[in-house]
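All chains should be built: construct the whole structure from the sequences, respecting the hints.
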Amino acid sequence: MTWTADQPIVSIQDVHKSFGDLEVLKGVSLQVMKGEVICIIGPSGSGKSTLIRCVNGLNDIQSGSITVLGQEVHDPKLDKLELRKKVGMVFQQYNLFPHKTALENVMMAPVLVLKQNKREVEGRARALMAKVRLHGKEGSYPGELSGGQQQRVAIARSLAMNPDVMLFDEVTAALDPETVKEVLVTIRELAEEGMTCILVTHEMGFAREVADHIYFTDRGVIVEHGPPATFFEEASDPRTREFLSQIL
Amino acid sequence: MRRIPGVTVPARGGMAVLKPFDVHRHVPDGYVMTRWLASLPWWSPFLVLSVMAIWPQIPLAQGRYGTGEAFGALWRWMPFLIKSGFLFNVLISVLAMAIGTVAGAMLGLAQISLYRPVRVFAWFFTQLFRNSPWLVLLFIVLLAFPFEVTLFGASVRIPDWVKGVFGLSLPIMANISEVVRGAVLSVPSAQWEAAESLAFTRRQVLWQVILPQCYKRMLPPWMNWYAILAMATPLCSLLGIEELITLSRQAMEAEDNHPELLVPFFGFALLLFFIYCYPIARWTIHLERKFAVKL
Numbered sequence: 043m044t045w046t047a048d049q050p051i052v053s054i055q056d057v058h059k060s061f062g063d064l065e066v067l068k069g070v071s072l073q074v075m076k077g078e079v080i081c082i083i084g085p086s087g088s089g090k091s092t093l094i095r096c097v098n099g100l101n102d103i104q105s106g107s108i109t110v111l112g113q114e115v116h117d118p119k120l121d122k123l124e125l126r127k128k129v130g131m132v133f134q135q136y137n138l139f140p141h142k143t144a145l146e147n148v149m150m151a152p153v154l155v156l157k158q159n160k161r162e163v164e165g166r167a168r169a170l171m172a173k174v175r176l177h178g179k180e181g182s183y184p185g186e187l188s189g190g191q192q193q194r195v196a197i198a199r200s201l202a203m204n205p206d207v208m209l210f211d212e213v214t215a216a217l218d219p220e221t222v223k224e225v226l227v228t229i230r231e232l233a234e235e236g237m238t239c240i241l242v243t244h245e246m247g248f249a250r251e252v253a254d255h256i257y258f259t260d261r262g263v264i265v266e267h268g269p270p271a272t273f274f275e276e277a278s279d280p281r282t283r284e285f286l287s288q289i290l
Numbered sequence: 337m338r339r340i341p342g343v344t345v346p347a348r349g350g351m352a353v354l355k356p357f358d359v360h361r362h363v364p365d366g367y368v369m370t371r372w373l374a375s376l377p378w379w380s381p382f383l384v385l386s387v388m389a390i391w392p393q394i395p396l397a398q399g400r401y402g403t404g405e406a407f408g409a410l411w412r413w414m415p416f417l418i419k420s421g422f423l424f425n426v427l428i429s430v431l432a433m434a435i436g437t438v439a440g441a442m443l444g445l446a447q448i449s450l451y452r453p454v455r456v457f458a459w460f461f462t463q464l465f466r467n468s469p470w471l472v473l474l475f476i477v478l479l480a481f482p483f484e485v486t487l488f489g490a491s492v493r494i495p496d497w498v499k500g501v502f503g504l505s506l507p508i509m510a511n512i513s514e515v516v517r518g519a520v521l522s523v524p525s526a527q528w529e530a531a532e533s534l535a536f537t538r539r540q541v542l543w544q545v546i547l548p549q550c551y552k553r554m555l556p557p558w559m560n561w562y563a564i565l566a567m568a569t570p571l572c573s574l575l576g577i578e579e580l581i582t583l584s585r586q587a588m589e590a591e592d593n594h595p596e597l598l599v600p601f602f603g604f605a606l607l608l609f610f611i612y613c614y615p616i617a618r619w620t621i622h623l624e625r626k627f628a629v630k631l
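Residue numbers (the working numbering), protein chains in the order written: chain A, 43 to 290; chain B, 337 to 631.
Take the hints with a grain of salt, since some may be wrong.
Said to hold, decoys possible - Here are the simulated DSSO-like pairs of lysine-lysine, each with C-alpha atoms no more than 27 Å apart in a straight line:
(1) K142/A - K119/A
(2) K552/B - K142/A
(3) K626/B - K142/A
I should point out that these hints are in silico values taken from the structure, not numbers from a laboratory.
Given below as structure tokens:
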């Protein structure tokens, strides 16, 4: 099956996932079109992170289907590496490689995985470092950078692979309030450039501002979804209203 | 309230608290010998030696052959004992460590293989050689290995010391295997995930991301095993390999086996091993503490 731009770039259909007896996802469906930014919000333990980890195959699913660019992610014949070249992921704890400098972190995957020319990659990596406003920090090791700076290196590291979709897993949850903003600014720029983004976030203000569509999950199901304006103003489900009243 | 001397105890706060008993703190962790060695003051062997040197003089003061003559004999043999004896121990330990490290690294990586049979096989060999007495392994190698091999038509005699090196490298291999496995497992799984989501292959994850983070944390246990190995090389004397202890015994025989010779000669061997292993032990414990804080 080939993918065309009028089809969803990421399509999740009735996905079930459990860890042992604990059912984390109980039939979740959502669609993301190219260039769309969607935010998944909800209380902790509602399966948000699990869901986006299923999108790049870090977690398996029990039933249902997830397709990225028309490719079934949980097809056992699928080359997971090919999938992961197209899907970038940024983690809550940054997970930079501590033994490499910021620039080397960004350059590693294109050089090793895509076998691209090192000089070319270095030029692009420096441009990405400038883009995430870390010009001058190329030679620093992750341990020498603040949380916000590390997270921006992590974003640049994912972008260096030229992915079609970016997954953000609570990327600001471990940051100081002051540094949250610098990361969000970077993500907003990405969104404005037309990058397809799936964000799991607790930053309601940010979600409202950048998202094209908001999904609210609770106990493994999507309770409610809609564009931010209607979602925040006219949430109808009592669970959504309760969650929003606690947060806003 | 009036304080009664000897009866009143200092106030301990409101309620009795039962602190959790940490079992792991009371289990030996593999550094026991090195930590003990490193905790000795540097002058301790000299103290032992001086006590031992004076001791035989008291009952044997009437004898013609005294401690003075024994130390004189040691002085004559000393260059030979160091050059042909102790340096040979060092050579044996270095070679056994080199072979053990290479083989142990491979075995350790096999222990984390994706293929279950490889993993089980590597685990079995690791446990087998890790838990066998070193002397038993030495004897097995000595007796089981042929004393001659035919290489390109010519028969080459395998000297006993080469077998000794192999015999000592077996337990080192098994312990290094565990060190490698433990170091790989100590890297947070988030590092695997980060590398995997950048489309690294398993081999790339291991060699580019995980192992480079392991070298530093493997250094203290590796040095620990080297210190233990160096101190174990005298086991080779039981196989007749002409290292320091064998040569010391031969030298004493050449000096007519006076009992007064025992303390100076074996004391000298003790001193040599102390001088060699003590700095390694101190440095190992230093690095172990330094890296432990950072991890």
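We went through each hint and held it up to the structure:
1. K142/A - K119/A: Cα-Cα ~33 Å, so violated.
2. K552/B - K142/A: Roughly 14 Å between the alpha carbons, so the hint for K552/B and K142/A holds.
3. K626/B - K142/A: holds, 21 Å
Of the numbered hints stated above, the single one contradicted by the structure is hint 1.
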